[in-house]
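*Asks:* Chains as they are written, first to last, in the working numbering: chain E, 73 to 425; chain Y, 73 to 425; chain B, 73 to 425; chain Z, 73 to 425.
Worth double-checking, as some hints may not be accurate.
The list treats identical chains as interchangeable, and a pair is accepted whether it falls inside one copy or across any two copies.
To be verified - Lysine to any residue pairs mimicking SDA-like chemistry, simulated, CA-CA at most 25 Å apart:
1. K125 <-> V165
2. K328 <-> H105
3. K328 <-> T285
4. K243 <-> D209
5. K243 <-> P137
6. K282 <-> A324
7. K215 <-> P261
8. K215 <-> P351
9. K122 <-> T361
10. K282 <-> I331
11. K206 <-> A333
12. K243 <-> A303
13. K155 <-> T134
14. K125 <-> Q364
15. K243 <-> I331
16. K125 <-> G151
17. K328 <-> C389
18. K125 <-> G277
19. K328 <-> D374
20. K328 <-> W130
21. K206 <-> A420
22. K215 <-> P106
23. K243 <-> L348
24. K215 <-> E362
25. K125 <-> R366
26. K328 <-> P301
27. K206 <-> P351
28. K328 <-> P390
29. K125 <-> L348
30. K122 <-> A333
These are computed hints drawn from the structure, not numbers from a lab.
Number of protein chains: 4
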Amino acid sequence: MSGFFTFMDTIEVGVLGATGVVGQQFVSRLARHPWFRCTWLAASERSEGKAYKSVAPWRLATSIPGDSAERIVDACVPGRGPKVVFSGLDASVAGDIEGAFAAAGHIVVSNARNFRMDPLVPLLIAEVNPDHLKLLDEQRRQKNWRGAIVTNPNCSTIVLAMALAPLVQFKVRAVVVSTMQAVSGAGYPGVPSLDILGNVVPFIGGEEEKMETETLKILGSNGGRSPYPAAISAHTNRVAVLDGHTMTVSVAFENKPAIPAVIEALRNFSARPQELNLPSAPQPPLWVTEEQARPQPRLDADLGGGMTVTIGRVRDCPVMHVKFVALGHNTIRGAAGVAILNAELMHAEGLLQ
Amino acid sequence: MSGFFTFMDTIEVGVLGATGVVGQQFVSRLARHPWFRCTWLAASERSEGKAYKSVAPWRLATSIPGDSAERIVDACVPGRGPKVVFSGLDASVAGDIEGAFAAAGHIVVSNARNFRMDPLVPLLIAEVNPDHLKLLDEQRRQKNWRGAIVTNPNCSTIVLAMALAPLVQFKVRAVVVSTMQAVSGAGYPGVPSLDILGNVVPFIGGEEEKMETETLKILGSNGGRSPYPAAISAHTNRVAVLDGHTMTVSVAFENKPAIPAVIEALRNFSARPQELNLPSAPQPPLWVTEEQARPQPRLDADLGGGMTVTIGRVRDCPVMHVKFVALGHNTIRGAAGVAILNAELMHAEGLLQ
Amino acid sequence: MSGFFTFMDTIEVGVLGATGVVGQQFVSRLARHPWFRCTWLAASERSEGKAYKSVAPWRLATSIPGDSAERIVDACVPGRGPKVVFSGLDASVAGDIEGAFAAAGHIVVSNARNFRMDPLVPLLIAEVNPDHLKLLDEQRRQKNWRGAIVTNPNCSTIVLAMALAPLVQFKVRAVVVSTMQAVSGAGYPGVPSLDILGNVVPFIGGEEEKMETETLKILGSNGGRSPYPAAISAHTNRVAVLDGHTMTVSVAFENKPAIPAVIEALRNFSARPQELNLPSAPQPPLWVTEEQARPQPRLDADLGGGMTVTIGRVRDCPVMHVKFVALGHNTIRGAAGVAILNAELMHAEGLLQ
Amino acid sequence: MSGFFTFMDTIEVGVLGATGVVGQQFVSRLARHPWFRCTWLAASERSEGKAYKSVAPWRLATSIPGDSAERIVDACVPGRGPKVVFSGLDASVAGDIEGAFAAAGHIVVSNARNFRMDPLVPLLIAEVNPDHLKLLDEQRRQKNWRGAIVTNPNCSTIVLAMALAPLVQFKVRAVVVSTMQAVSGAGYPGVPSLDILGNVVPFIGGEEEKMETETLKILGSNGGRSPYPAAISAHTNRVAVLDGHTMTVSVAFENKPAIPAVIEALRNFSARPQELNLPSAPQPPLWVTEEQARPQPRLDADLGGGMTVTIGRVRDCPVMHVKFVALGHNTIRGAAGVAILNAELMHAEGLLQ
């Protein structure tokens with residue numbers, strides 16, 4: 073961490089929807105965070121007043137953090153808890169609750185999908201579109217919120233958008249992507265074992281639409297209100313993998329770039345979080361492997377603490393121009409990790425005050 | 073079975089490479105065949121003179137057929153064994169042995185890749201390109217063989233070619249396909265469990281090239297010597313599935329056909345093996361499902377005794393024109409089953425005499 | 073099938089709880105049954121009046137039988153439906169419904185656990201304790217039922233009891249059994265994939281108690297009211313297997329029998345269903361393999377149409393006397409298949425009139 | 073780490089069999105070791121003279137350590153390399169090579185099985201039988217070695233012996249254990265995926281004998297030359313798990329202890345490595361969980377950096393006296409990790425000079 077932040081006090085944060093799978097990821101990652109201190113856990117009313125460990129069916133391989141284990145869970149009531157809250161709320165309730173929190177002055181950093189496509193809400197990947205944070209002024213004004221909402225994209229969208237970000241310089245025009253997604257992306261209990269043991273399920277509800285629309289907002293201009301001018305076609309599939317979404321990607325450009333130029337662009341990709349040396353920013357954000365049969369989720373998903381996206385097999389595509397394989401950790405880079413990185417960026421930019 | 077064949081005697085056949093995984097599939101399927109009677113098993117010299125059951129490490133869930141279990145294995149020597157032989161030989165030896173057998177007057181129906189791209193050898197899927205059998209006359213003449221060789225394509229190519237066959241009427245121009253392939257396609261011991269448990273391996277040696285070239289020969293004219301004029305881009309991946317290759321397919325046409333027309337073309341696809349009511353011909357060859365999350369290998373690979381290819385999720389593609397999911401059983405429709413079906417067609421056409 | 077039954081008419085049967093996983097197994101297996109014709113499907117009220125195919129989320133690899141697919145589902149109301157009903161009801165409702173059906177004159181052949189340990193209800197495995205059917209007279213009298221209830225044991229208990237049945241001649245005194253059970257035993261959605269992919273769960277609620285108590289009732293005398301005098305200790309575990317419960321078994325006897333005598337007893341085990349040549353009776357009921365690394369669920373669970381229990385690795389136990397591995401198909405031999413076999417026995421014994 | 077070792081220089085060590093799976097574990101763990109510095113990598117002659125990264129097909133999820141990656145691999149020639157060498161050699165060559173190294177003055181800390189049952193060689197688990205190191209004097213004398221050999225037990229034996237160690241105070245008399253073992257225990261390529269996907273293999277060559285004999289040597293007196301007086305019966309099974317051997321254990325004692333006393337004994341188990349605060353010694357060595365369905369390999373194998381053995385479900389056994397579930401990481405606590413811990417103990421006891 074750079075000396076720039078040395079004298080900083082820690083920032084109190086809370087978690088909305090703390091008992092769910094994404095909420096658990098927030099709690100786990102915040103327990104070791106150098107800037108943020110998680111002091112407030114909120115969930116549905118049936119958990120209110122109970123010790124966190126007794127209402128959070130812990131599914132992570134790491135232990136439940138000691139100080140959170142005994143913390144009494146609060147209800148999701150605006151005004152309670154610290155100014156900055158991370159949201160792992162389920163989409164069925166996230167819309168109302170997050171809106172109320174923003175109105176009441178909280179800054180909500182959300183993984184839920186409800187506000188993602190709202191033209192006044194940044195759909196943020198800290199490395200890809202940090203300038204979309206400029207939407208916040210107009211968001212506050214038009215929504216009449218004292219606080220704010222910033223969202224992060226869907227897990228598979230994030231992996232794709234990270235891989236495409238360095239390639240927009242070559243003017244991407246079309247993308248065909250086919251995913252092989254981990255079961256942890258579906259939460260808990262999530263995918264029944266009878267559906268996925270020794271099997272592939274070639275459908276994930278709403279996922280293809282998210283990849284096809286969210287990606288263009290993220291890469292778009294004017295805070296995402298002008299979508300990036302490309303066509304995206306997604307095939308999304310569930311496979312018997314625990315963590316890590318793998319995807320094959322074929323890309324057409326305005327003019328075909330040379331493969332070495334594409335590799336160099338991916339390798340050299342660095343961005344604001346890396347410049348600012350943010351605590352969760354992986355160095356480098358993209359790892360380009362030259363091994364023949366990589367990336368693989370079991371071997372590569374944890375790279376950079378789960379924040380690095382790995383790209384492999386960059387080569388000519390006989391139909392489009394370039395094809396490759398991309399992989400990212402769906403519950404870290406694709407959910408809680410990216411939300412925390414987004415909050416770090418906002419803090420560094422003075423937007424959490 | 074139609075009355076047409078009622079008075080026919082059974083035809084003796086043999087198996088080259090009988091101890092391997094594909095060879096075992098031949099032995100297992102031929103044991104129940106109404107026309108063919110397997111009376112000769114050949115393998116490498118170290119198996120010669122031994123009982124089949126003692127040298128074939130049986131990996132199928134069905135039992136080893138009683139009459140084959142005790143059969144003494146012969147060496148792969150041309151002139152021995154019946155006129156018609158199925159070949160499950162490994163590519164490292166198939167070239168020489170199959171050529172020698174053809175020269176000596178045997179009709180070799182082979183699953184090996186060695187002769188697949190030979191312009192004088194039919195690369196045959198009985199339903200897709202039965203007319204390619206007309207190459208045999210010239211094959212015999214130019215190669216100076218008394219017998220003949222007919223090959224079947226690679227397992228993943230077969231599934232793709234079956235799905236594309238009814239669509240060539242709309243003039244296919246480009247295909248992007250991404251596979252999720254079963255481990256049984258790699259034989260035994262094949263894929264190490266450490267590589268595939270909870271994992272995806274985004275590379276299968278030589279597989280993408282096969283899909284990109286074999287498909288165009290199969291769909292081509294002039295016995296395959298004029299490749300079909302389209303571009304194909306394949307991404308091939310191994311997943312933790314036992315049997316059944318699933319693939320997502322995006323297709324561009326000269327002019328975009330309507331989705332209902334595409335579905336109707338797939339549904340109505342029927343061909344020479346179905347007309348002739350060949351024993352291994354599934355009715356229908358393609359099954360188009362309307363269920364949202366199908367086909368799935370665990371539920372659908374065995375359809376039609378493993379000979380049906382299932383297509384699902386036929387829909388618009390925002391980048392190409394049409395996209396869908398295709399699934400076929402890789403060791404049945406994709407290997408031993410298609411070879412036997414090819415031999416049935418040859419018999420019905422009088423080409424096994 | 074023996075000539076004994078040749079002139080018999082088919083018997084109409086119904087299924088209670090037809091939409092669940094066990095109910096689907098009943099529907100699937102009855103569709104091909106030579107004696108029983110399934111003409112009535114009943115489920116909870118929210119399915120009443122709807123086509124079966126629209127309310128049964130079909131999870132089997134075989135297709136939903138054509139005549140059942142369109143059948144309108146009825147409610148579980150006694151007096152409706154045929155005299156003989158199979159029950160795949162959930163334990164939460166099976167007690168009341170099955171009791172009411174028996175009172176109203178139905179013969180209920182049930183897979184539910186509610187009446188299993190009732191001293192007046194046979195806990196029946198047709199091969200093991202056919203004489204327990206004699207309880208039915210007293211059941212009717214004491215319960216004042218016009219019909220009757222016959223239950224089958226829990227799936228893992230059945231595999232164990234089948235393996236022990238031929239060994240009681242040596243006076244079994246103690247058994248330590250450790251199971252590795254398939255996920256299909258937990259129904260659908262059942263075991264979450266996050267719990268079982270690449271994992272073992274060393275606990276299945278209530279399962280150890282069932283194995284320890286049900287087995288002794290089945291092997292007991294006086295219709296099971298005098299439990300068999302042995303001690304059983306069960307360790308039950310869930311593993312990443314689709315179908316087939318595997319278990320390691322160590323057995324102590326009053327006097328240690330020789331291993332060949334044990335193997336011979338297992339091999340020669342045959343019983344009333346085999347004598348009567350009942351349609352679902354496997355020949356033989358136990359298969360003893362001499363292969364070093366068998367039985368295995370993937371290769372052996374389907375033996376005998378899923379009705380055979382396979383035993384392997386019979387050898388000395390340094391602590392108890394004899395140890396071995398046993399395997400059976402949990403949803404066939406362990407649920408719907410054994411219930412249908414039990415009903416076949418009852419019919420042959422004139423108990424379905 | 074205690075101040076006791078503060079001024080110590082680092083100790084140079086080497087790895088025999090460095091390119092195999094266990095060798096890779098040694099290289100990976102030694103790269104971060106506070107005392108040992110790995111400066112020499114040896115393997116078979118076909119790797120000699122090549123960069124380690126080019127001959128070690130790296131299968132671990134962590135990256136190959138930078139300084140080892142480029143190191144030139146040496147042949148396994150005694151006299152080359154540092155005094156202390158860890159051996160991950162295959163059993164087919166370990167006997168001769170390790171003996172020659174010991175004769176030449178090296179201290180060989182070996183994971184191979186060749187010398188495990190030699191009455192002059194300690195079969196060491198640092199927490200369980202540290203006093204067995206006293207064998208070394210007599211070993212040197214009788215074998216006429218200038219160096220020495222210390223071995224660690226087989227992976228499943230270690231988990232069992234760790235669980236039994238605190239219970240010998242109650243006089244263990246008999247143990248029935250049934251394992252569910254991870255595929256990483258079989259090395260690479262190891263278990264074929266066709267054998268284990270969705271399957272259980274109820275046999276592991278030689279494993280049951282190792283558990284039954286090694287455990288008694290470890291718990292025995294007189295340096296293991298007087299085996300512990302108990303009978304052990306092992307059932308060993310392979311399951312679809314990557315890392316972590318789970319086992320169900322039933323134990324009979326001279327007199328039945330109360331369950332709370334057993335739990336307390338397991339909880340309070342601590343030993344010489346913990347007293348000495350050795351770098352690889354987990355605190356505590358055994359973790360006793362009270363959760364209903366634990367331990368599970370996916371959630372618990374990594375506890376204590378993979379060095380903790382987790383015990384759960386301690387309860388009465390209706391046949392023996394006490395039963396429970398034990399779990400340990402097979403390639404860390406069960407192989408490379410325990411060997412390094414053993415070497416740490418030897419260093420602390422002044423036995424590496």
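*Asks:* Compare the structure with each hint and give your call.
*Replies:* Hints, verified against the model:
no.: 1; hint: K125 <-> V165; result: within (22 Å within a copy, 32 Å between copies)
no.: 2; hint: K328 <-> H105; result: neither (43 Å within a copy, 49 Å between copies)
no.: 3; hint: K328 <-> T285; result: both (24 Å within a copy, 23 Å between copies)
no.: 4; hint: K243 <-> D209; result: neither (30 Å within a copy, 52 Å between copies)
no.: 5; hint: K243 <-> P137; result: neither (45 Å within a copy, 38 Å between copies)
no.: 6; hint: K282 <-> A324; result: both (20 Å within a copy, 23 Å between copies)
no.: 7; hint: K215 <-> P261; result: neither (36 Å within a copy, 42 Å between copies)
no.: 8; hint: K215 <-> P351; result: neither (31 Å within a copy, 57 Å between copies)
no.: 9; hint: K122 <-> T361; result: between (47 Å within a copy, 22 Å between copies)
no.: 10; hint: K282 <-> I331; result: between (28 Å within a copy, 22 Å between copies)
no.: 11; hint: K206 <-> A333; result: neither (31 Å within a copy, 48 Å between copies)
no.: 12; hint: K243 <-> A303; result: both (12 Å within a copy, 22 Å between copies)
no.: 13; hint: K155 <-> T134; result: neither (28 Å within a copy, 38 Å between copies)
no.: 14; hint: K125 <-> Q364; result: between (44 Å within a copy, 15 Å between copies)
no.: 15; hint: K243 <-> I331; result: within (15 Å within a copy, 30 Å between copies)
no.: 16; hint: K125 <-> G151; result: within (24 Å within a copy, 50 Å between copies)
no.: 17; hint: K328 <-> C389; result: both (10 Å within a copy, 22 Å between copies)
no.: 18; hint: K125 <-> G277; result: between (31 Å within a copy, 22 Å between copies)
no.: 19; hint: K328 <-> D374; result: neither (32 Å within a copy, 42 Å between copies)
no.: 20; hint: K328 <-> W130; result: neither (48 Å within a copy, 35 Å between copies)
no.: 21; hint: K206 <-> A420; result: within (14 Å within a copy, 60 Å between copies)
no.: 22; hint: K215 <-> P106; result: neither (33 Å within a copy, 57 Å between copies)
no.: 23; hint: K243 <-> L348; result: neither (27 Å within a copy, 53 Å between copies)
no.: 24; hint: K215 <-> E362; result: neither (48 Å within a copy, 43 Å between copies)
no.: 25; hint: K125 <-> R366; result: between (38 Å within a copy, 16 Å between copies)
no.: 26; hint: K328 <-> P301; result: both (17 Å within a copy, 22 Å between copies)
no.: 27; hint: K206 <-> P351; result: within (22 Å within a copy, 50 Å between copies)
no.: 28; hint: K328 <-> P390; result: both (12 Å within a copy, 20 Å between copies)
no.: 29; hint: K125 <-> L348; result: neither (35 Å within a copy, 34 Å between copies)
no.: 30; hint: K122 <-> A333; result: neither (56 Å within a copy, 32 Å between copies)
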